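Quick note on numbering: the working numbering labels position 187 of the sequence shown as 187, and the sequence is numbered without any gaps.
Treat the hints loosely; a few may be bogus.
Said to hold, decoys possible - Per label pair, the in silico range of CB-to-CB distance: (1) Thr59 to Arg5: 30 to 40 Å; (2) Asp3 to Gly260: 26 to 36 Å; (3) Ala212 to Leu2: 23 to 33 Å; (4) Arg86 to Ser224: 55 to 65 Å; (5) Ser121 to Thr243: 39 to 49 Å; (6) Glu64 to Thr89: 29 to 39 Å; (7) Glu119 to Asp177: 44 to 54 Å.
In case anyone wonders, no lab produced these hints; they're calculated from the structure. Here the structure is a predicted model, which means the values were calculated and not measured. Cβ coordinates follow ideal geometry from the N, Cα and C atoms, glycine included.
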Amino acid sequence: MLDLRRLEILRRFAALGTITATADELGYSPSAISQQLATLEREAGIALIERTAQRASLTDAGRELAEHAAHILAAAETAHSRMRARAGTISGRVTISCIPALAPALAPHLATLQRLHPELSVVAHETGSTAAAAAVLDRRYDLAVIDDWSEHRPVEDAGLSVHRLRREDIVLALPTDHPLAEQSGPVTAARLRETVHHQTWLCAPVGQLSRAAGDQRLAAVNASPVRRWEFAGLHVLALLVATGAGVALLPAGIAHGQAGVTGVRLAPRMQRTILALTRPTTHEDPAIAACLHVIREALSSQQSTANYSAVKPAPGSAAS
Numbered sequence: 001m002l003d004l005r006r007l008e009i010l011r012r013f014a015a016l017g018t019i020t021a022t023a024d025e026l027g028y029s030p031s032a033i034s035q036q037l038a039t040l041e042r043e044a045g046i047a048l049i050e051r052t053a054q055r056a057s058l059t060d061a062g063r064e065l066a067e068h069a070a071h072i073l074a075a076a077e078t079a080h081s082r083m084r085a086r087a088g089t090i091s092g093r094v095t096i097s098c099i100p101a102l103a104p105a106l107a108p109h110l111a112t113l114q115r116l117h118p119e120l121s122v123v124a125h126e127t128g129s130t131a132a133a134a135a136v137l138d139r140r141y142d143l144a145v146i147d148d149w150s151e152h153r154p155v156e157d158a159g160l161s162v163h164r165l166r167r168e169d170i171v172l173a174l175p176t177d178h179p180l181a182e183q184s185g186p187v188t189a190a191r192l193r194e195t196v197h198h199q200t201w202l203c204a205p206v207g208q209l210s211r212a213a214g215d216q217r218l219a220a221v222n223a224s225p226v227r228r229w230e231f232a233g234l235h236v237l238a239l240l241v242a243t244g245a246g247v248a249l250l251p252a253g254i255a256h257g258q259a260g261v262t263g264v265r266l267a268p269r270m271q272r273t274i275l276a277l278t279r280p281t282t283h284e285d286p287a288i289a290a291c292l293h294v295i296r297e298a299l300s301s302q303q304s305t306a307n308y309s310a311v312k313p314a315p316g317s318a319a320s
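Take the sequences, apply the hints, and build the full model.
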């Protein structure tokens, strides 16, 4: 009988291409990975790996078994999820990735859930949105909380269940003593263009979703920053705005949560969507359902308790 854990190692090796990368991904030594693959070969009764002095690669049989492994592991996960649902207990290990900006809000709620259910083990990591979908598909995480800054409705990720958790306004974050912070009404294209011309523009590095969305908005209003500072982390950008270092496009909750910062909405409106990604095979797992529930509660609590009086709305629009 083929061992499921070894099939997972084979599947990861097929995706990553080297023993070293597979070992790094799974947290084992390269020699341990090689031993597990050798044991799987004995179980299968055929050579799965072709080894040379320089590298190891899959044989035709290895590639075929790796393809079967994906289906076998999915079926096993579905069965496990359904058995957990029958048992009705919140237990087992759940791995979660979360974007850095939301980790402080979610971590206490997940810790409380774990205390209430001693048989549940939650393992949480900070991870950016761009790699989250692949990580959930590869079973590195069971659940990922990400954000989508696109102007259009987020598309379904192939092979994943997408849970829409919240929509949040993106605002122009200004120091509270900035003249524009006292003006009524939204930031129009002309105002944004003028502000960008005279102020240091604070933004994330290239490759971040917030950077791409910000660049797209600037291009739409024909604005080009004269001075641009790049820093990773939306909370870091909020801190810099508070010091008077410059201005930035930030989620309303982050702008409001930073003392010394005022957020002014944009016209046309700009928003991001907070999403959770899970595998359909874990749909019935009570532990994952419980984690998803407390994440929804945490985001709802964060939104409802925030005082958005510091965020100036556009005429005729309600605070989100």
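**Request:** Check each numbered hint against the structure and report the violated ones by number, ascending.
**Result:** 1, 2 and 3
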